[in-house]
Structure formats: structure tokens, C-alpha cells
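Just so you know, the protein sequences line up as chains F, L and E, in that order. Read in order, the letters of the first sequence correspond to residues 1 to 469 in the working numbering. Read in order, the letters of the second sequence correspond to residues 1 to 91 in the working numbering. Read in order, the letters of the third sequence correspond to residues 1 to 369 in the working numbering.
The reader is advised that the hints may include incorrect statements.
Claimed, not checked - Pairs of lysine-lysine residues, derived as BS3-like cross-links and limited to a Cα-Cα distance of at most 25 angstroms, are as follows:
#1 E:Lys218 <-> F:Lys50
#2 E:Lys280 <-> E:Lys212
#3 F:Lys27 <-> L:Lys62
#4 E:Lys114 <-> E:Lys333
#5 F:Lys134 <-> F:Lys159
#6 E:Lys114 <-> E:Lys148
#7 F:Lys2 <-> L:Lys72
#8 E:Lys346 <-> E:Lys333
#9 F:Lys134 <-> F:Lys107
#10 F:Lys50 <-> L:Lys72
#11 L:Lys72 <-> F:Lys27
#12 F:Lys443 <-> F:Lys27
#13 E:Lys114 <-> E:Lys212
#14 E:Lys7 <-> E:Lys333
#15 F:Lys2 <-> E:Lys218
#16 E:Lys7 <-> E:Lys148
#17 L:Lys45 <-> L:Lys72
#18 F:Lys134 <-> F:Lys80
Calculated from the structure, these hints are not laboratory results. Remember, predicted model here, so these are calculated numbers, not experimental data.
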Amino acid sequence: MKVWPLKFREMSDGSMLFADDAGGFFKAGEGFLDRYATDNLSAADRMFLKEGSHGFEREHDLPWTSFAYRWTRRQSRPRKMNYVILVPTLRCNLACGYCQVSRAPEKARGFDWSDETLGGVLSFLNGLEGPDIKIEFQGGEPLLRVDLLEAVRDFCREKFSQSQFVVCTNLQRLDARAWAFLDADDTFISTSLDGDRQTHERQRTHDGAVTDAFFRNLGAAVARYSEGKISALPTVDVANPPNFDVLLDSYERYGIRSVYLRPINHQGFARKLHQGDEILARWNRLHSEFIDLLIARNHRTGRFMEEYYFSQCLKRVLRFDADNHVDIRNPNFFAADYVVIDHDGLFYPTDEARMLSRIGRIDLSIGDVATGIDRAKVDVLNSGAFNHFDPDCIHCAYQPFCGTDVVDDISRYGRVDIPRPDTWFCGRHLALFDKVFEVLYRKDEPARASLAAWLGVVAWDDGMAPVHS
Amino acid sequence: MAELFNISGFDFVVEIPPQFEEYVDSALLRLQVAHPVCRLSRSGKTITVQSSKGLSEVELRKAILHTIYREKIYAETLGMRQALVEAVTAR
Amino acid sequence: MIPLRVKVEANAEQPFVVRLRSFEANGRQREPEQLNPFEVSLERADPEGADYTGEGGPIRVLGIDPSELDGDVLLVNPRRGTADRLIRSTSSHNTFLVTERCDQVCVMCSQPPKKHHVDLFPYFETAALLAPEGATIGISGGEPTLFKEQLFAFLKRVLAARPDLSFHILTNGQHFEEDDWQTMAGLDQSRIVWGVPLYSHDPAIHDQVVGKPGAQEKLLENLAFLCRVGAAIELRTVLMQPNAPGLPGLARFITTMLPFVQTWAIMQTENIGYGRMNWKTLFYDSSQGFDVVGRAIDFVRSRGIDARLYNFPLCTVPEAYRRLAPATISDWKRAYREECEGCSLKAECGGFFEWHPRDHGYGRLGAVQ
Chain F
1 MKVWPLKFRE MSDGSMLFAD DAGGFFKAGE GFLDRYATDN LSAADRMFLK
51 EGSHGFEREH DLPWTSFAYR WTRRQSRPRK MNYVILVPTL RCNLACGYCQ
101 VSRAPEKARG FDWSDETLGG VLSFLNGLEG PDIKIEFQGG EPLLRVDLLE
151 AVRDFCREKF SQSQFVVCTN LQRLDARAWA FLDADDTFIS TSLDGDRQTH
201 ERQRTHDGAV TDAFFRNLGA AVARYSEGKI SALPTVDVAN PPNFDVLLDS
251 YERYGIRSVY LRPINHQGFA RKLHQGDEIL ARWNRLHSEF IDLLIARNHR
301 TGRFMEEYYF SQCLKRVLRF DADNHVDIRN PNFFAADYVV IDHDGLFYPT
351 DEARMLSRIG RIDLSIGDVA TGIDRAKVDV LNSGAFNHFD PDCIHCAYQP
401 FCGTDVVDDI SRYGRVDIPR PDTWFCGRHL ALFDKVFEVL YRKDEPARAS
451 LAAWLGVVAW DDGMAPVHS
Chain L
1 MAELFNISGF DFVVEIPPQF EEYVDSALLR LQVAHPVCRL SRSGKTITVQ
51 SSKGLSEVEL RKAILHTIYR EKIYAETLGM RQALVEAVTA R
Chain E
1 MIPLRVKVEA NAEQPFVVRL RSFEANGRQR EPEQLNPFEV SLERADPEGA
51 DYTGEGGPIR VLGIDPSELD GDVLLVNPRR GTADRLIRST SSHNTFLVTE
101 RCDQVCVMCS QPPKKHHVDL FPYFETAALL APEGATIGIS GGEPTLFKEQ
151 LFAFLKRVLA ARPDLSFHIL TNGQHFEEDD WQTMAGLDQS RIVWGVPLYS
201 HDPAIHDQVV GKPGAQEKLL ENLAFLCRVG AAIELRTVLM QPNAPGLPGL
251 ARFITTMLPF VQTWAIMQTE NIGYGRMNWK TLFYDSSQGF DVVGRAIDFV
301 RSRGIDARLY NFPLCTVPEA YRRLAPATIS DWKRAYREEC EGCSLKAECG
351 GFFEWHPRDH GYGRLGAVQ
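Chain F with its partners taken away, still in its complex shape:
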């Protein structure tokens, strides 16, 4: 039997986690590692590896076919463009502390789409194949230009047989026209809710009356719409995080069960590397505590909530088809199925790329609506968009589940060839997958209950996470 290469990583309890390139994993002791590395596999080892489809006899036999299939399905294939992030205005009626780089004051001029730009955007959308489209309106505050949102939506509904719209709004000010826009069944709301009221005010609204307005509108929206229409995410200051219990209560009160915990993302080369390390360690610890708290809370209340990105990573471990989240998939080709169009009509590969370019250090724009997407520039970015043969990733047990973030590397280090273990992305994901496997092998009732809920199965049992003794 030929055994596929196994990658290994030590787990916190001293055992080793093994994984092959197709994402087949198991836990075993150091004894197995020694036997494997010294070509001394026992009969029991071989039987275990055979049953787990970690090896094969002949190319094209069933185990080979199964492995090749799973490996292939894990590759994220470039699809038709069907997701476009639009920034019709950079102007905003809030001044959130962590957003200074991407907004313009409400009364400023020159930060909205011109008529030409709107025309260019519609022309670009018109060139898409369809049949489906998802449009995400970002900003600034998109609702400051409902007229532009309406123009885009009307066009898309006409052209595409299936369209969906998401408005990323701060919910500060909603007039009748804004409510009317949001009322549509094909339109969804994404907002920011930074935990408890205090934190939200400190980080975003700064003023009691402004905070009141937000919560009033949020409450009104939740009362007006059914569950699933509104999603929200908290931005967390690592140095001053909110009370997580209160955050979860808050979200649950507003009918939102999925919480995508994100740290304040300080853009720019001003971040020093060691400062980055310290913040990374603190963030990882915070996130781990959040997951523990979440598992305990879910079990206590019987009402299940999730941390969105953790659930994504969990699915990426267990399944071979979990590549619908643009932040984590492998390869992560740019300008394939989604693209960003800025207030000035420029294309960007991601929203982070747009924000990075705005602070002026590097221009990651990839064309404009008048002249089209610059494929040569996209190709350059794409050269770093996968991890399969990276000299560090190739040895990593998490490689099949993980990905790359070219833009984040550029933003922090000015280059994309920093050894993986020294990057924020790697440090972040090592911790995340460590946590995923810790929970998968925890073997207690609360963990099992949350795993079942997050995976959409009725029950999880310990036998579903393989162990080789």
C-alpha cells in the first residue's frame, strides 16, 4: 500500500494530529509518528491507514479515486462573476474610531459616483453572464445615496433572473425612502453591533443620542423584518474588548444567531512586527475564550449561536465543498467570482485592498469601469493566491483547510514572501484550527451539542473524529 504524505502537528494534550493533502485527518500518539517516519508501520497501522483512505494499492482503485476526488473538490475553482461589492459613496454620517481611513465627512464633495461612473457600473453589470447576482453595498454609508442603490437594484432585477442585495449600513438614519428600499424581499441588511451599548458608543457613535438612534432603528428593523434578514458583526478592540456574555445577549435579543467576531484592523505599515505579534497572541486568546464561552452558553440555554468564521473553519476541516466564503478558500483567485467597485469607479480585488490603497501606500486597483479589469495585474496578485506548494504550508497539517491572504501580507509586510509562520494570517489560522481540533476532540456534552448545531446534523458523537491508538 502506498501511503499519501501525512502532515503532523502537536496538539495541546501532547498527542499528534495527522492530516493528508485531501483533508483526511486523525489523532495518534508520538509512537505512530516514529513508526511512520522510520518506515516501520505495524499491521494495525496499515489497517487503520487503509480504512481511512490514506493509502492505495493501484492508481484508479477505489481508495485512490476517493482521495483524488476529495483533493480535487477541495480546490476552489474560479467561477463566473456573481458577487460585486459596490461603494457608491465614501461619505458617512458616523466617524467610527477604527474606520478613519475609509470614510469622508457627510457634507464633503467628490466622494460619490458621478453619472459616468454609475453608467460604467451598470455597463459592467450588463456584461456579466448571470443568471444570478449578489450585490453588496458598502461605503461610507450607502443609504446616503438610496437613489444610486435603487438604480443598481432596478437594473439587476431586470437583467438577472436571481438577484440578491445586501446593504451594509450603520442604521443611523432611515427615512421613508430608505425603509422602502430595505423592505424588499431580495434585500438584506448587514450592520455593526459592537457588543454592549457602552462599547458600541465608545467605538462608533460617541454620543448618547446617536447611540439611542442606532438602537431604536435596529429594534425597529428587527420588529419589521423576519429572522435572517438582518446580520450584524462586532468589531473588537483587543486592548479593550466588550463583555462577551453581554455581546451574545445583545445579538440574541435582536434575533441574530451568527456572530462574526473581527478585531480592529489597523491598516498601514505603521504597525510594527512585534506589536503585531503581541496583538495576535491576545486576539487568539480572546477568540478562544469566546468559543469556550459560546459552547457553554449554547449548552446552558439550548439556543444555539455560532461564531461565523469558526464555523467556516470547522466546515473546511470536515467537508470538501466549503469554499463559499471569499476570505478562506484555496486557491483564492482574485477578480474571478467577485470584485469591488469604489466611489471613483476603480476596481479592487477585495475590500481590504480598497482600504489599503486609500491610505496611499500601495495601489492595488485593478482597472476601472471605463476601461475594464486589468488582468495582467490580477495575474500578479494571483501568483500568491494558493498555498499548496509553499515551502512552509506543504508541511502543515492545516494546509488543506487553510488558504492565503495576499492583500493582508502586503498590508502588513509590504511583500508576499515572508515565511508563513511569521505572518499574521498564519498565526491567526494556526490558532483557529488548533481550536477547531481541540473542540472536535473534546468529548464532552456541551462541545458535542454545539458541533452538531454548527454542522447542521442532529447529533455529533465522538466516533466522528478518528483516533488511532
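Assemble chains L and E onto chain F, guided by the hints.
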């Protein structure tokens, strides 16, 4: 299989079993990147570790062993990986 | 029960395929040009029978209300005085029985094999081309791939002539070969689902169930072939006493060895054919022992592989799994019982097999409030 004995303070020597010899050089390179404060050198069938600052003997021994393992696994299975990619991308 | 065979009178010598039309029902005048050569239209109906005329006929159908037959495609056997309703226009459960021969003898077979074979492919081809728009046609037996060349030729021609049709083909997967690669890869596999049974990951148990030594080994080889050729596979496991305990093991096997299946369908047994003969030793009462089934389903679904429960009445399935139990019992053999009176799930439930026994059947069933 790998013997450790102190020469002076934290310094120690790791013996390389014959089947791993060809992978030691590339392993050492990776180890230097991962542990820049440690001084590692090879002489024939042994690796000498001088100044293993920041890491315990056990940790560094494991790191060395595991890195050598990884180099061996990588080299011996590269052909399998190439064959797989060829097979699934063939027209 | 819905009759699949009707009595007819026809003056022909040989069997023939015909499609029945009725224009009066829609108040339209019959135009001769509207019919195609295989069609007949309803002229007159009386309490005993209905008369149809046209290029495809004439034919008189007895003992059934003609409104039930409108649009149906029949295979008429004039000498026997019967016609088989190959395609019922208002049903989604139309299956062509390609042969009654089989090279396996499954312990629960609902259609026990016979040695006699009649080649009906030409009739099936004509009938398929007359099927309603967008129909899915079942292909079954016996074992259809015993006549592999004809089957492939049939599929190739029909799929080309009718791009709207799709097929669901039941096969034991024993007869595929590498030489079939070109042919199989040349078919539009996106319009075919291959329903292939696997009873256990343990070859001894599988081989015993199908009554053929070495069957599982051959099957696994051919499942790999089907994957490589891009076929959509519905893996089917009939749940029985011999294989129920091994279900979680089979689930694990599917996740490691058969991750490419489109669906894993766990199916309840039919009390007909060999199933009826062996009922007492075969029937697994999942209404009281669902645990092994639930665990198996959860395992594969945790890996992102689709799993369904076929032919399970909803009252016998724990609530959390009911959404995985579509109504699958073919309309012509489906029945509800007196215990179903007042059940809130009746509309979504596929009911019971017509022949599910009063005794020795499910211990726990009945209306769900």
C-alpha cells in the same frame, strides 16, 4: 534513536540514524529559519546544538526530529503528489 | 392501487406503442395534422370502454375512465388484449422494465428475477420520445446492464433527441468495464442518476444479501469507474436486520471511500417478492430502533455528503430527521392507513407501501398531531 548528551551547559549533540542522513542539510536550513537564536551545525553523522536559547532541550530535540521527518516525508512522496496533480488535471 | 396494465382491444398482429389523446375534454376540435404517427385520439366513450382512432390505432380501452389515461403512452399487446402504461402523463414515477433477468438474487428483492427475456428496447425508445416535457424516466429490471450495449445506444439516442428528458437507472453495478469509458463519458451524465445498491462495507454481508460471491469487490471497483467517468450516483442501502448494526460502519466507509456519491439513500424494505418471503428475518423496525440510522446519517452529513430516508413513513422517523425523508413510494403502490386519520403530516408523507403488513411491521406508527 537520537542520542543527546550535554557537552557544556545547554549544548548537546544529536546523532543522525543512517536513513535520515540525506535529509539533514535541508532540515537544518529550515530549523535555522524557525529558530534563529539557536546555533545548529552538522558534522558527519551528528548535529551539534550550541546555545539553544529560549527552548528546552526536549523541545529542541523534538523540533529537530520533526523537521528531519518532514524533509524525508516530503522528498519521498513528492513523486506521488506530482502524479496526483498530473492525473487530475489531465485532459 | 393505480393499475399499470389495462385491458384493450386492437386489431393489430404485433405489439405497438401508442399515445392517447383526448381533445374533447379541452373543448378543442381535433385536427388531423395535430396528431403524430404514434397518437390516437378519443372518439367515443361508453360505460364499458373508450374508442380511440388515429394513425397509431384504432384501439378500444376497457374498464378504466379515459380521463385517467389522457396523455399516457401505452405498449399494446394485441394478442393478449392488454396494454402496459409505460408512461403515465400525470405521474412522476414512470419506469421502463428493461428485463426480468438478473445475475444477483437479493434476499429482499421486490421483483424476483426470471429467465425469460423479451427485447423491448425499440418500444421503449419510441415511448421515451413521446414522454411529456421534462420527464424523468426510470430504468429498472432485473439488471438493466445485462443488456448494456442496447441500454447505452438507447440512452445516447434519446438524450440527443430529447434534451429535456432525464433518467434514473437502477443497476447492481457489476457489468461496467474500462472499455465502457468512451461510451459513458460521451453520454450527458448530468441527466442521468445511477441508483446503485451497497448493503454493507463488509463484503461477506453484502455478498450474502445479493446472493453472489465477489459482488462487493466488483461493485467497489465499478463505483470508482463511475466516479472517474463523471456519473451521478445515488447509493442505495436497503435497511434490514442483517445490515442494520453495520450502518454506522458503512457511513464511515462512505465518507472515506465513496465521498463522490450524490446521495446516500437508506431505504425501508418492501413486503413483496422475496421481501415478503423473508420478512420476519429481514424487516428492521426502525420505528423502535432508529438510533443506528440516525448516527449513520449524521456521520455522512457531517462530511457534507447528502443522505436521505426513502420509503419511511414520517411517523416512524424522529422529528429531527423528518426533513430528510421525502415522499418516495411510487404512487401506484402507495397507501395510507386508518391510523393516518387526522395526521398533521399527511400532505408531506409518502405513506406506507400498499402491502405493509398489519402485524410484524412497525411497532410505532400513527397520526402525528
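Quick rundown of the hints versus the structure:
no.	hint	result
1	E:Lys218 <-> F:Lys50	18 angstroms, holds
2	E:Lys280 <-> E:Lys212	22 angstroms, holds
3	F:Lys27 <-> L:Lys62	18 angstroms, holds
4	E:Lys114 <-> E:Lys333	22 angstroms, holds
5	F:Lys134 <-> F:Lys159	13 angstroms, holds
6	E:Lys114 <-> E:Lys148	18 angstroms, holds
7	F:Lys2 <-> L:Lys72	15 angstroms, holds
8	E:Lys346 <-> E:Lys333	16 angstroms, holds
9	F:Lys134 <-> F:Lys107	30 angstroms, violated
10	F:Lys50 <-> L:Lys72	21 angstroms, holds
11	L:Lys72 <-> F:Lys27	21 angstroms, holds
12	F:Lys443 <-> F:Lys27	13 angstroms, holds
13	E:Lys114 <-> E:Lys212	16 angstroms, holds
14	E:Lys7 <-> E:Lys333	20 angstroms, holds
15	F:Lys2 <-> E:Lys218	21 angstroms, holds
16	E:Lys7 <-> E:Lys148	32 angstroms, violated
17	L:Lys45 <-> L:Lys72	16 angstroms, holds
18	F:Lys134 <-> F:Lys80	12 angstroms, holds
Going down the numbered hints, you'll see the structure goes against 9, 16, while the others check out.
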